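Undergrad: Here are the chains, one letter per residue:
Protein chains: 4
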Amino acid sequence: MSSKKNSKKYSKKEYSDLGLGVKETSGVYRTLNKDGTFNVRKTNIPFLERINFFHSLVSMPWPRFLGIILLGYFVINTLFASIYMAIGIENLTGMKQVGGTFEQFMEAFFFSAQTITTLGYGRVAPLGLLANIVAATESMLGLLAFALATGMLYGRFSKPKATVKFSEHAVIAPYHEMNGFMFRVVNVQENQLLEVEVTVSISLRRDNSQLRDFFSLDLERSKVVFLPSVWTVVHPISETSPLHAFTPEDLEERDAEFIITMKAFDESFSQTVYSRTSYKPAEIQWGQKFVYLVAYENDKIAIDIERLDETYEAPLNS
Amino acid sequence: MSSKKNSKKYSKKEYSDLGLGVKETSGVYRTLNKDGTFNVRKTNIPFLERINFFHSLVSMPWPRFLGIILLGYFVINTLFASIYMAIGIENLTGMKQVGGTFEQFMEAFFFSAQTITTLGYGRVAPLGLLANIVAATESMLGLLAFALATGMLYGRFSKPKATVKFSEHAVIAPYHEMNGFMFRVVNVQENQLLEVEVTVSISLRRDNSQLRDFFSLDLERSKVVFLPSVWTVVHPISETSPLHAFTPEDLEERDAEFIITMKAFDESFSQTVYSRTSYKPAEIQWGQKFVYLVAYENDKIAIDIERLDETYEAPLNS
Amino acid sequence: MSSKKNSKKYSKKEYSDLGLGVKETSGVYRTLNKDGTFNVRKTNIPFLERINFFHSLVSMPWPRFLGIILLGYFVINTLFASIYMAIGIENLTGMKQVGGTFEQFMEAFFFSAQTITTLGYGRVAPLGLLANIVAATESMLGLLAFALATGMLYGRFSKPKATVKFSEHAVIAPYHEMNGFMFRVVNVQENQLLEVEVTVSISLRRDNSQLRDFFSLDLERSKVVFLPSVWTVVHPISETSPLHAFTPEDLEERDAEFIITMKAFDESFSQTVYSRTSYKPAEIQWGQKFVYLVAYENDKIAIDIERLDETYEAPLNS
Amino acid sequence: MSSKKNSKKYSKKEYSDLGLGVKETSGVYRTLNKDGTFNVRKTNIPFLERINFFHSLVSMPWPRFLGIILLGYFVINTLFASIYMAIGIENLTGMKQVGGTFEQFMEAFFFSAQTITTLGYGRVAPLGLLANIVAATESMLGLLAFALATGMLYGRFSKPKATVKFSEHAVIAPYHEMNGFMFRVVNVQENQLLEVEVTVSISLRRDNSQLRDFFSLDLERSKVVFLPSVWTVVHPISETSPLHAFTPEDLEERDAEFIITMKAFDESFSQTVYSRTSYKPAEIQWGQKFVYLVAYENDKIAIDIERLDETYEAPLNS
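Protein chains in written order, with my numbering: chain A, 18 to 335; chain B, 18 to 335; chain C, 18 to 335; chain D, 18 to 335.
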C-alpha cells in the first residue's frame with residue numbers, strides 16, 4: 018500500500034504540473050488568490066533583470082499610467098524650456114518681450130509644448146542656429162516619444178483580458194451514481210471564446226506532515242469548442258479520484274486548495290487569453306446542486322448570470 | 018440496451034464538447050445561426066463587467082464606428098471651444114474681433130480643431146498663461162485620442178475575418194458502401210488558409226422528451242494542410258454514427274441541428290481565424306450528390322464557385 | 018489485393034490531407050508551384066466576397082503599393098483643392114492674389130496638402146465658416162487616412178516572410194538498408210526558426226486512369242526544435258511506402274508530384290510562418306547523395322549555403 | 018547488441034530532433050552558447066536573401082538603432098535642404114536674407130526639419146510651384162518614414178524577451194532510488210509565464226570516433242501550467258537513460274553538451290516566448306543537490322533568487 022502511495026506521489030499522471038514546486042508549508046495558506054494572481058514574492062533579483070518597463074506600463078492601473086504620461090510631458094517641456102532660456106530668449110521670435118523671467122519661461126515652456134507635439138503655431142518660432150537645432154531635435158524626439166506613449170496606450174486598450182466569471186463557490190453534488198466536484202463558468206461579454214480548456218488541480222497537505230502534494234483532477238470534459246452559455250465543470254469523484262471518500266472535515270484538515278486554470282481563444286482580439294481562480298474548503302458547498310440557468314424566450318436561449326451561484330439541496334450519493 | 022444508452026449519454030466520445038450545456042428546450046429552435054452567431058442572450062450582467070469598449074468598437078458596423086469618431090471630434094472641439102470662450106477670446110491672437118459671439122465661438126471651435134489635430138496654422142494662436150495651458154493640454158490629449166481612434170481604425174481594417182463560404186445546404190449522399198452527410202466549403206479569397214480543421218456536431222431532441230443530446234460526428238478527414246480549392250467534408254453514416262438508419266422524418270421529428278465549426282491559420286494576417294455555420298433538416302437534401310467543381314484550363318485548376326451548391330440525383334445505399 | 022487497395026484508397030492514414038480534393042486531371046500538371054503558390058484559379062466569386070483590401074495591400078509588390086499611396090495623396094488633395102476653389106479663394110488668407118486660376122488652384126492644392134498632413138505652415142490659413150469646416154474635416158480625415166496608410170506600410174514591413182531555402186532538386190539516395198527520398202532545407206537568415214515541422218505528400222495518377230491519389234509520406238523525423246543549420250528531410254522508402262519499388266519511369270508515367278509544406282515559429286517576428294514547395298520527377302536525382310555541408314572554423318560550425326544542392330554518386334540499395 | 022545499438026541510433030525516440038544535423042566534429046566544441054545563441058555561421062548566402070531589415074532593426078542594440086534614426090533624420094534633411102537651395106532660397110518666405118550660403122543652407126535645413134516632422138511653424142514657408150511640390154512631398158514622406166521609425170521603436174519596446182533565468186550550473190543528484198540530472202529555472206519578472214515546456218537533449222561524441230549522437234532525455238515532468246516560483250527540471254537517470262552509469266570522466270571524454278530549450282506563453286505580451294541554454298561537463302556538479310528556496314513570510318510564498326545556484330552535498334545512489 019504505502020509503496021504504492023509513494024510511487025503514486027511521483028507518478029506524472031497524478032502530479033499536477035503547476036510549476037509551484039511548493040512542498041513545505043507553514044500550514045494553512047492560499048497559493049492562488051481568488052482573482053488569479055499568485056501568492057508568491059521573489060527577492061534579491063537584480064533591478065535590471067527584474068524590471069520590465071513594457072510589462073509595468075501595460076499592467077499598471079489607468080490613473081497611474083495617465084499620470085506618468087502627463088508628468089513626463091510636463092518634465093520634458095520644463096527641460097526644453099530651460100534649454101531655450103539658456104540659449105537666450107531672444108532666439109525665439111514673436112515672444113512678448115514684456116514680462117519678467119517667469120513669463121518668458123512660460124512662453125518657452127509653451128513653445129516647447131507646441132514643438133514636441135509638432136503643433137507649431139509659429140507665433141513663436143526659433144531663430145538662429147542653436148534654437149533651431151534644439152527645436153528640430155525636440156520635434157523629432159517628440160514624434161518618437163509620443164509613438165511610444167500612444168503605442169502603450171493602444172496596447173493597454175487592446176490588451177485582451179479574461180472575460181469569464183467563475184461561480185463564487187464550488188459544490189460537491191451528486192453526479193450519476195457517484196458525486197462530483199462542480200463549479201460554473203460563464204463568459205460575461207459579447208466576444209466569443211473558442212477552444213476553451215480547463216484544468217483543475219488540488220493541493221493537499223499530507224497527513225501528519227507539512228508536505229504538500231499536488232494532484233490534477235480528471236474532468237467530465239476538459240475542453241469545449243465554444244462557450245456561448247454557462248459551462249458546469251465537473252470532476253467525478255470516482256474510486257480513482259484523490260478526493261474519493263473525503264469528508265468536508267478532510268478538506269479542512271488537509272487544507273485543500275482547488276486550483277483552476279482556463280485557456281481560451283478570444284475571437285475579437287484574435288488572441289489566447291487565460292483565467293485562473295481557486296477554491297478553498299470554505300468556498301465549497303456540500304450536497305448542493307447548481308440550478309439550471311438556461312431559459313427560452315421567443316426562441317432565444319437566455320442565461321441569467323445573476324443566478325450563477327444559485328444552488329438547491331441535493332442529497333449526496335454515498 | 019437502455020443502460021448502454023445511458024452510458025453512451027455520458028461518454029466523452031459521443032458528447033460534442035460544444036460548451037452549449039443546453040439540455041432543456043422549448044422544442045424547435047436553432048442554437049447557432051447560419052452566419053455563425055449564437056442564438057444566446059445573457060441577462061443581469063453588471064454593466065461594467067459586460068461592457069468591452071475595444072470589442073464593441075472593433076465589431077460594430079463601419080457607419081456607426083465612423084459616426085462615433087466624427088461625433089467625438091465634434092463634441093471635444095465644442096468642449097474646448099467653450100473653455101477658450103470662458104478664458105476669454107482676447108487670449109487668442111489673430112481672431113477677427115468683428116462678429117458676434119457665434120462667430121467668435123466658431124473661431125474658437127476651429128482653433129481647437131487646429132490644436133487637437135496638431136495642425137496649428139497659427140493664424141490664431143494662444144496668448145497668456147491660461148489659454149496656453151489649455152492649448153498645450155489639448156494638443157497632447159489630441160495625440161493620445163487620435164492614437165486610439167486610428168489604432169481602432171487600423172485594428173478594424175486589419176482584423177482577419179472568415180473568408181470561407183459554406184454550401185447553403187448539406188446533402189445525404191451515397192458514400193462507398195454506405196451513405197454520408199456532406200457539405201462543401203471553399204475559401205473565396207486569395208489569401209491562403211492553412212491547417213484547416215473542421216468539427217461537425219449534431220444536436221438531437223431525445224425521443225418523447227424535451228431533453229437534447231449533443232453528439233460529435235466522425236469525419237472522413239477533419240483537417241487539411243491547406244485549402245486552395247473546394248473541400249467536401251464527409252461524415253460517413255456508419256453503424257456507429259448517431260445518424261445511423263435515420264430518415265428525413267427522424268431528423269425533422271428530433272429537430273436535428275448540425276453545428277459546424279472551422280479553424281484555420283490565415284497566412285496574410287498571420288492569425289488564426291474561425292468560422293461557424295449550422296444546418297437544419299430543411300437545409301439538407303437527401304439522395305443528392307455535389308457536382309464535381311474542379312476543371313482544367315490550360316494547366317491551371319479552375320474552381321467555379323457559383324456551382325458550390327449544385328447537386329445531382331444519387332440513389333442512397335440502404 | 019484489390020479490395021485491400023480500395024480500402025487503402027480511403028484510409029485516413031494514407032490520404033494526404035492536403036485539401037486539394039483534386040481527383041480528375043487533364044494528365045500532366047503541377048498543383049503547387051515551386052515558389053509555394055497554388056496552380057488554382059477561382060471563378061464567379063461575387064466581387065464583394067472576393068475582394069480583401071487588407072490582403073491585397075499587404076501582398077501587392079512595393080512599387081504598386083507606394084504608387085497607390087502617392088496617387089491617393091494626389092487625388093485627395095486635388096479634390097479638396099477644388100472644394101476650396103468652389104468655396105472661394107478669398108476665404109484663404111495669405112494667398113497671393115496675383116496669378117490666374119491655375120496659380121490659385123495650386124495654392125489651394127498645397128494648402129490642402131499642408132492641412133491633410135497637419136503640417137499647417139499657416140502662411141495660408143482658412144477664413145470664415147465654410148473654409149474652416151472643410152479644413153477641420155480634412156485635417157481629421159488626414160490623420161485617419163495616414164493612420165491606415167502608415168499602418169499598412171508597417172504591416173508590410175513587419176510581415177514575416179518565409180526565410181527558408183529548399184534544395185532545388187530532391188534525391189533518391191541509399192538510406193541504411195533501403196533507399197530514401199531526401200531534400201534539404203536551410204534558414205538563410207539570422208532570425209531563429211523554432212519548432213520547425215515538415216509534411217511531405219505525393220500525388221500520383223492511378224494506373225490506366227485519370228484519377229489521382231494523394232498519399233502522405235512518413236519521415237525519418239518530421240519536426241525539429243530549431244533549425245540553426247541544414248536539415249536533410251528523409252522519407253525512408255520502406256515496404257509500406259507508396260513509393261516502394263518505384264523506378265524513375267514509374268514517377269514519370271504516374272506524373273508524381275512531391276508536395277512539401279513547412280511550418281515554423283519565427284522568433285524575431287514572434288509569429289508562425291509557413292513555406293511550401295514541390296518536386297516533379299524531372300527535379301529528382303536518383304542514386305545521388307547530398308554532400309555534407311557542415312565544416313568547423315575555429316570552433317564555429319560553418320555552413321556553405323552555395324553547396325546546398327551539391328551531391329555525389331551513391332549506388333542505390335535494391 | 019551492436020545491431021540494437023544501430024537501430025537505436027536511428028530510432029526517432031532517441032534522436033533529439035534539434036535540427037542541428039551535426040554529425041562530424043572537430044572534437045571539443047559548443048553548439049549552443051550559454052546565452053541561447055547558436056555557434057553556427059552561414060556562408061555564401063546572396064545578400065538579398067540574407068538581409069532582413071526588420072529583423073536587423075528589431076534585434077540590433079539600442080544605441081545603434083537610435084543612432085541610425087538620428088543619422089537618417091540628419092541625412093534626409095540635408096538632402097531636402099540641398100533641394101530647396103537648388104530651387105532657390107527666394108522661394109522660401111520669411112528667410113533672413115542676411116547671412117551667407119551657410120546660414121541660408123541651415124535655414125533650409127531647419128525648414129526641412131519643420132516640414133518632415135509636420136511641425137510647420139510657418140515662419141519660413143514655401144512659395145511658388147516647385148518649393149511647394151517639394152514641401153508637400155516631404156511632409157508626406159515624413160509621415161511614412163516616421164511611421165516606420167516609430168513602428169520599429171514600439172516593436173522593439175514591446176518585443177517579448179525571455180525573462181527566465183537558468184541556474185548557472187546543473188547537478189547530478191540522488192533522485193528517489195536512482196540519480197537525476199537537474200537544473201533550475203525561475204521567472205525573474207512579474208509577468209506570468211504559462212504553459213511552460215522544457216526539452217532537454219544531450220549531444221555525445223561516439224566512442225573512438227568523431228561522430229556525434231543526439232539523444233533527448235525524458236523528464237520527471239516536461240510541462241507546467243504556470244511558473245510562479247522555481248522549477249527544478251529533473252531527468253531521472255534510469256536504465257533507459259543515455260546517461261546511465263556515466264561517470265564525470267565519461268561526460269568529459271565524450272564531450273557531452275546538455276541542450277535546454279524552454280517555451281512559454283507570456284501573459285503580459287500575449288505571445289509565445291522561447292529561451293535556450295546549455296551545460297557542458299565543467300558546468301555540472303556531481304553529488305550536489307539544490308537547496309530548497311521556498312520560504313513563507315506572513316502567508317506569502319517567498320523565493321530568494323540569489324540562492325538559485327546554492328547546493329549542498331548529497332551522496333549519489335550507485
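Just so you know, these hints were derived from the structure itself, not from any lab.
These figures come from a predicted structure and were not determined experimentally.
Heads up, some of the hints might be wrong.
To be verified - EDC-like mimics (lysine to aspartate or glutamate), calculated; alpha carbons at most 20 Å apart, straight line:
hint : chain 1 : residue 1 : chain 2 : residue 2
1    : B       : Lys178    : A       : Glu207
2    : B       : Lys178    : A       : Asp326
3    : C       : Lys317    : D       : Glu214
4    : C       : Lys59     : B       : Glu66
5    : C       : Lys176    : B       : Asp52
6    : C       : Lys51     : D       : Glu66
7    : B       : Lys297    : B       : Asp321
8    : A       : Lys178    : B       : Glu66
9    : A       : Lys280    : D       : Glu214
10   : A       : Lys317    : B       : Glu284
11   : A       : Lys51     : A       : Asp272
12   : B       : Lys59     : A       : Asp326
13   : B       : Lys240    : C       : Glu107
Said to hold, decoys possible - Facing chain C, according to a computed beta carbon distance under 8 Å, are these residues of chain B, among others:
hint : residue
14   : Thr54
15   : Phe55
16   : Phe163
17   : Thr167
18   : Thr180
19   : Leu211
20   : Ser285
21   : Glu323
As the list claims (entries may be wrong) - Chain D stretches covered by chain C per the calculated footprint, using a threshold of three residues with CB under 8 Å from any CB of chain C:
hint : stretch
22   : 59-66
23   : 99-107
24   : 188-201
25   : 243-253
26   : 264-275
No residue lacks a Cβ here, since even glycine has one placed at the ideal position from N, Cα and C.
Undergrad: State for each hint whether it applies.
TA: To see whether the hints hold, each was checked on the structure:
1. Lys178/B - Glu207/A: holds, 17 Å
2. Lys178/B - Asp326/A: Violated, at roughly 36 Å.
3. Lys317/C - Glu214/D: violated, 28 Å
4. Lys59/C - Glu66/B: violated, 45 Å
5. Lys176/C - Asp52/B: Violated. Lys176/C to Asp52/B sits at ~30 Å, over the 20 Å cutoff.
6. Lys51/C - Glu66/D: Given that 20 Å is the threshold and the Cα spacing comes to 17 Å, the pair holds.
7. Lys297/B - Asp321/B: Outside the cut-off at roughly 26 Å; violated.
8. Lys178/A - Glu66/B: Judged against 20 Å, a Cα distance of about 11 Å means the pair holds.
9. Lys280/A - Glu214/D: OK: Lys280/A and Glu214/D at ~16 Å, within 20 Å.
10. Lys317/A - Glu284/B: Distance of about 36 Å is beyond 20 Å: violated.
11. Lys51/A - Asp272/A: holds, 16 Å
12. Lys59/B - Asp326/A: holds, 15 Å
13. Lys240/B - Glu107/C: Violated, because 67 Å separates the two Cα atoms, which is more than 20 Å.
14. Thr54: Violated - the Cβ of Thr54/B stays beyond 8 Å from chain C, reaching only about 18 Å at its closest.
15. Phe55: Violated. Min distance 23 Å.
16. Phe163: holds, 5 Å
17. Thr167: holds, 3 Å
18. Thr180: holds, 7 Å
19. Leu211: With a closest approach of 6 Å, the Leu211/B hint holds.
20. Ser285: holds, 4 Å
21. Glu323: Holds. Min distance 4 Å.
22. 59-66: holds (count 5)
23. 99-107: violated (count 0)
24. 188-201: violated (count 0)
25. 243-253: n = 0 at 8 Å, threshold three: violated.
26. 264-275: The restraint on the stretch 264-275 of chain D is violated, since only 0 of its residues have a Cβ under 8 Å from chain C and three are required.
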